[in-house]
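**Q** Model the full structure from these sequences, guided by the hints.
2 protein chains.
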Amino acid sequence: MNFNMLETPILILDADRLAVNAARMLQHCDEKKVFLRPHLKTAKSLEVAKIATNGRMDGITVSTLAEADYFADGGFDDILYAVAITPNKFARVAALGQRTGKSLMLILDSPEMAQAVASSPLNNPVLIEIDCGESRGGLPTDDPALPEIARLLGPQFRGVMTHAGHSYSTDQIDEVQKIAQSEITAAVDAATRLRKLGFGVGIVSVGSTPTVYYGDDFRGISEVRAGIYLFNDLSQYGRNIARYEDLALSVLTTIIGHNRKAGILTVDAGAMALSKDIGANAHLPEARFGWLCDVDTMAHLGLAVDLVHQEHGSVKVSDPALFDRLPIGSLVRVIPNHACLTAAAGYGGFHLTDGRFWPRQDGW
Amino acid sequence: MNFNMLETPILILDADRLAVNAARMLQHCDEKKVFLRPHLKTAKSLEVAKIATNGRMDGITVSTLAEADYFADGGFDDILYAVAITPNKFARVAALGQRTGKSLMLILDSPEMAQAVASSPLNNPVLIEIDCGESRGGLPTDDPALPEIARLLGPQFRGVMTHAGHSYSTDQIDEVQKIAQSEITAAVDAATRLRKLGFGVGIVSVGSTPTVYYGDDFRGISEVRAGIYLFNDLSQYGRNIARYEDLALSVLTTIIGHNRKAGILTVDAGAMALSKDIGANAHLPEARFGWLCDVDTMAHLGLAVDLVHQEHGSVKVSDPALFDRLPIGSLVRVIPNHACLTAAAGYGGFHLTDGRFWPRQDGW
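Each protein sequence line maps, in turn, to chains L and F.
When the letters of the first sequence are read in order and numbered with our numbering, they come out as residues 702 to 1065.
When the letters of the second sequence are read in order and numbered with our numbering, they come out as residues 702 to 1065.
These are calculated hints, taken from the structure and not from any lab test.
Treat the hints with care, since some could be wrong.
No copy is singled out in the list; a pair is fine if it fits within one copy or between any two copies.
What the hints assert, rightly or not - Below, simulated DSSO-like cross-link-like pairs (lysine-lysine); rule was C-alpha separation at most 30 Å, straight line:
# : residue 1 : residue 2
1 : K751      : K1017
2 : K751      : K734
3 : K733      : K751
4 : K1017     : K879
**A** Next comes the structure, spelled out in structure tokens:
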């Protein structure tokens, strides 16, 4: 693809790397004998979803009802909306079902919401969210409310799900392995407890990219969820979950200024284009707001976006020769610190390295 | 306005506070005898622009060509695109002029780009960007390239502009006053230097919300630019640039979970809805990712979004009574840490407190 004269900033998706990343995860889940329900919160794209499922038009995870609508309207069935439901979203959930006939599975973690769902006209399947250690959403495995919720849900109760978000907090693979096992244990224990009380638990769902890759024994787990593995970013790279050649997403940006006196090179990718997420820096301090790469080869230029303003990125340059190598008006690509936030920055879609454009569904 | 059952997260704009904020700045600029060219990079809304200009359909600033197109198509003339131009944007700039007949003023800071503009079919007016101390874009006042650029631009050269972005780095008003004066001095010095060399300098443009409010002597300045004053946020509040009652923007969010064991309350406004900007925390550490307020009165609840995940915000709760006060399914409003980033999170527009909806133009 000839990037010259493309207006910037735009989002570039390497179709070959995406295909490799998707195939690797599908093969991994086949080997582990678990169903992969890809999380599309990063991609928010029908075309990416089809690659992630290898053409299967069902069994996906989303993080917003805008995504749920988009994928259901696009033909996907069996969609898990993995954010706890509340009554102000019931009308939209009902409308999706009536309009598309597709199945949207909900999650919740309180008797109040179980009661609200059960007494509403909604007939959606529901999972109970379990907290496996992140202390975000979900109930502890031994919480007395667990069977109460299952009882309140009646036939809408389908199983349990948990997410070890804390697997993103370490770059030690043996730590990830431990967290993966505790995620599995929490879900299986909750399922076992409910089954002993007579509830039918069909779905036992876990996952995050690190824990799916590094979980060992998935017995008792019916399905896994992961998403960022499709694109990867410096956050995954810095924690040894992805290799450099697995980084499929970048932002095409233009050098818009040379401040030779201050040793600053300015690009037109700032806080809006890259986001202000610097989570990767906990394990890769030099990640900053993203790495500058050669526009064609993706070779790292040894430079980062060190500071972001709304539409400006400031790059510290110690070698003045780089000003000549990167003249004003020339292009570079920036590997994002955190792809989920960068991809949702308002681009509207992905420019593929083979010239195609794939739209995405941002917002709510 | 009855917020109950509104789907969340959505962006709420207090129309009364916006009107007060806009009128105050217009009056301030009248008193200082400078032309106000509001920066619409935060609002990105035609309706807000009309309020910011008091109905005048010209003289505004934008940060993207998407905004430029949107405001020109919406009837605004004399638009300043305040990010240095490069050749890959010439085609879109030309198309805007041909389509709308409106004037788009460009900025640049290098002989290379002055040459590129001058030798292109573009006939847009151009300002030279001056660096007044932030070390981002712009040339020092005494840079030898300054007259060279003016010469290369020929009749397209119209003046100089600078932006003291570093005025956002202090909460000391006397410091802001000094930065404001140095911003004015830089612009006036550059203009004076060019005039002595025979160039006609019609426009001498400075500004940021803090420096426009705290600049003293604006002699030699033809116009000022400011934007965040329209909405304000915890960043402005924490640096004493805005009062609590000037905070016009908030995110309506739903309590989606109680984790009583961990002392965590979860809302459906996370990194996507609020952004990961924590710039305010430098001067207001308790700002975190935003303050929780009563949905009707906007009274601060003494709680903040302490941690953000993609679609979840985690709120630390030390008083268990708050779980009862804020049941699952109830609504709160979050005052953003930094309004520019939050407003651009993908909401598509503003829900006004009087029930209206105003769209906005995000992206590029």
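**Q** Look at each hint and say if it fits the structure.
**A** Checked hints:
no.	hint	in the structure
1	K751 with K1017	neither (40 Å within a copy, 39 Å between copies)
2	K751 with K734	within (20 Å within a copy, 60 Å between copies)
3	K733 with K751	within (21 Å within a copy, 59 Å between copies)
4	K1017 with K879	between (39 Å within a copy, 26 Å between copies)
Hint 1 alone, counting from the list given before, is not met by this structure.
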